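All chains, full assembly: derive it from the sequences and hints.
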Amino acid sequence: MCGGCVDMIELGPLFRLQFLMFAEIAAGWALCRTGALKPKDRKILSALVVNLMLPCNIIAAFDMEMSGDLIKQFMTILIISILIQVLCSIVAAHAYNHEQPAVKKVLQYATVCSNSGFLGNAVAECVYGTMGLALGQIYLIPQRIIMWSAGISYFTEGTSRKDVILRILKHPCIIAVELGLLRMIFRIPVPMAVNSVLTSLGRCSTPLIMLFLGMILAETGIGNMITKRNLVFSVIRLVLLPMAVLAGCWLAHIDPVTAGLSVLLTAMPAGSTTAVLAEQYNGDTEFAANCVVLTTLLSIAVLPLWVILLQKLLGA
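To convert a position in the sequence shown, counted from 1, into this note's numbering, add 704.
It should be emphasised that the hints constitute simulated quantities derived from the structure, not laboratory data.
Keep in mind that this is a model prediction, so the values were computed, not measured.
Heads up, some of the hints might be wrong.
[Unchecked claim] Okay, the calculated beta carbon distance ranges per label pair:
1) M779 x L886: 13 to 23 Å
2) I926 x A740: 16 to 26 Å
3) H798 x L935: 12 to 22 Å
4) L935 x A731: 23 to 33 Å
5) L873 x K1016: 37 to 47 Å
6) V898 x H802: 43 to 53 Å
7) L944 x I892: 35 to 45 Å
8) L886 x K1016: 15 to 25 Å
9) R907 x L886: 19 to 29 Å
10) I1004 x R907: 20 to 30 Å
11) A751 x F726: 23 to 33 Å
12) M779 x G1019: 19 to 29 Å
13) E923 x P805: 17 to 27 Å
14) F726 x M896: 30 to 40 Å
Using N, Cα and C, we set each Cβ at its ideal position, and we do this for glycine too.
Here it is, written out as structure tokens:
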């Protein structure tokens, strides 16, 4: 851990990032409440994010080099991440069968897809430095594959399994994952100008998603956010899943940095793309937005507690 201890200076970047996300949500809320943006604009915004911004962000994220000295540690966290995705998929398959279909698909996706890519990268770097950031990128590979394959399947309804698979394979984000993996594995050179375009467009995805969430909250109100169902999901997402990962890493004697990072990235709030896909595929968009905002709000308190607990238990 940076500096060997946890203090407010180290957690400052995390708090600033969380504040930024809520400021962007507030901007979307204000634009919608003042009439500058209309409810119909949500469809346009979500289509722009899913079909352009997110694919660019995914391809750009796979721009990394596999150093020989780090391959062993990379493989360890890759295996852990795969096992975590298996765990999350099992929970998603069995924990929400009592819910209505529109709500169930939201809960399933939000269980397998956390905000590890945006908030997680910042947490990894501010707690574990550049090593944490590098390991975090490897950790994210299985999640990116699952969220745009099995994750999309939760929202996709087809007349047959073949139709569902074809719709998934043709999804822009799945194509982006395939291109990103090819780029990383074979070190395919990309012109600097193209890389700059990918990075620039990709960075627009999170602010636009936050604006999208704010627009939903402007229509539905904040009062419906705190419900028993939302709180139960928040406990699963922020507490129970990372507890299971911590127990597994402890039993397997995983090194403190890899174990701590795996726990923290599992403890991320629901992925912000949950609400975007709910809008695209006729899920419960209001509920999805509430899940994302509530878990993100609660993470302001929960994530620093996890950092302190990991430092006490693992010394990392």
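Structure-based check of each hint:
1. In this structure, M779 and L886 meet the distance hint of 13 to 23 Å, their C-beta atoms being roughly 20 Å apart.
2. About 20 Å separates the C-beta atoms of I926 and A740, a value consistent with the hinted range of 16 to 26 Å.
3. Taking 12 to 22 Å as the suggested C-beta distance range, the pair H798 and L935 conforms, at roughly 20 Å.
4. The hinted window of 23 to 33 Å between L935 and A731 holds, with their beta carbons roughly 27 Å apart.
5. Here the CB-CB span from L873 to K1016 is close to 46 Å, well matched to the stated 37 to 47 Å.
6. Taken as a hint, the range 43 to 53 Å holds for the pair V898 and H802, whose Cβ atoms sit roughly 48 Å apart.
7. For the pair L944 and I892, the supplied restraint of 35 to 45 Å holds, since their beta-carbon distance comes to about 40 Å.
8. Roughly 42 Å separates the CB atoms of L886 and K1016, a value that falls outside the hinted 15 to 25 Å.
9. The given range of 19 to 29 Å is respected by R907 and L886, whose C-beta atoms sit roughly 22 Å from each other.
10. Checking the proposed 20 to 30 Å range against I1004 and R907 shows it holds: the Cβ atoms sit about 23 Å from each other.
11. Between A751 and F726 the CB atoms are about 25 Å apart, so this pair conforms to the stated range of 23 to 33 Å.
12. At about 23 Å, the beta-carbon gap between M779 and G1019 stays in the expected band of 19 to 29 Å.
13. Distance hint for E923 and P805: a CB-CB separation of about 22 Å, consistent with the stated range 17 to 27 Å.
14. Between F726 and M896 the CB atoms are about 34 Å apart, so this pair conforms to the stated range of 30 to 40 Å.
Figure legend: structure checked against the earlier numbered hints; the only hint not met is number 8.
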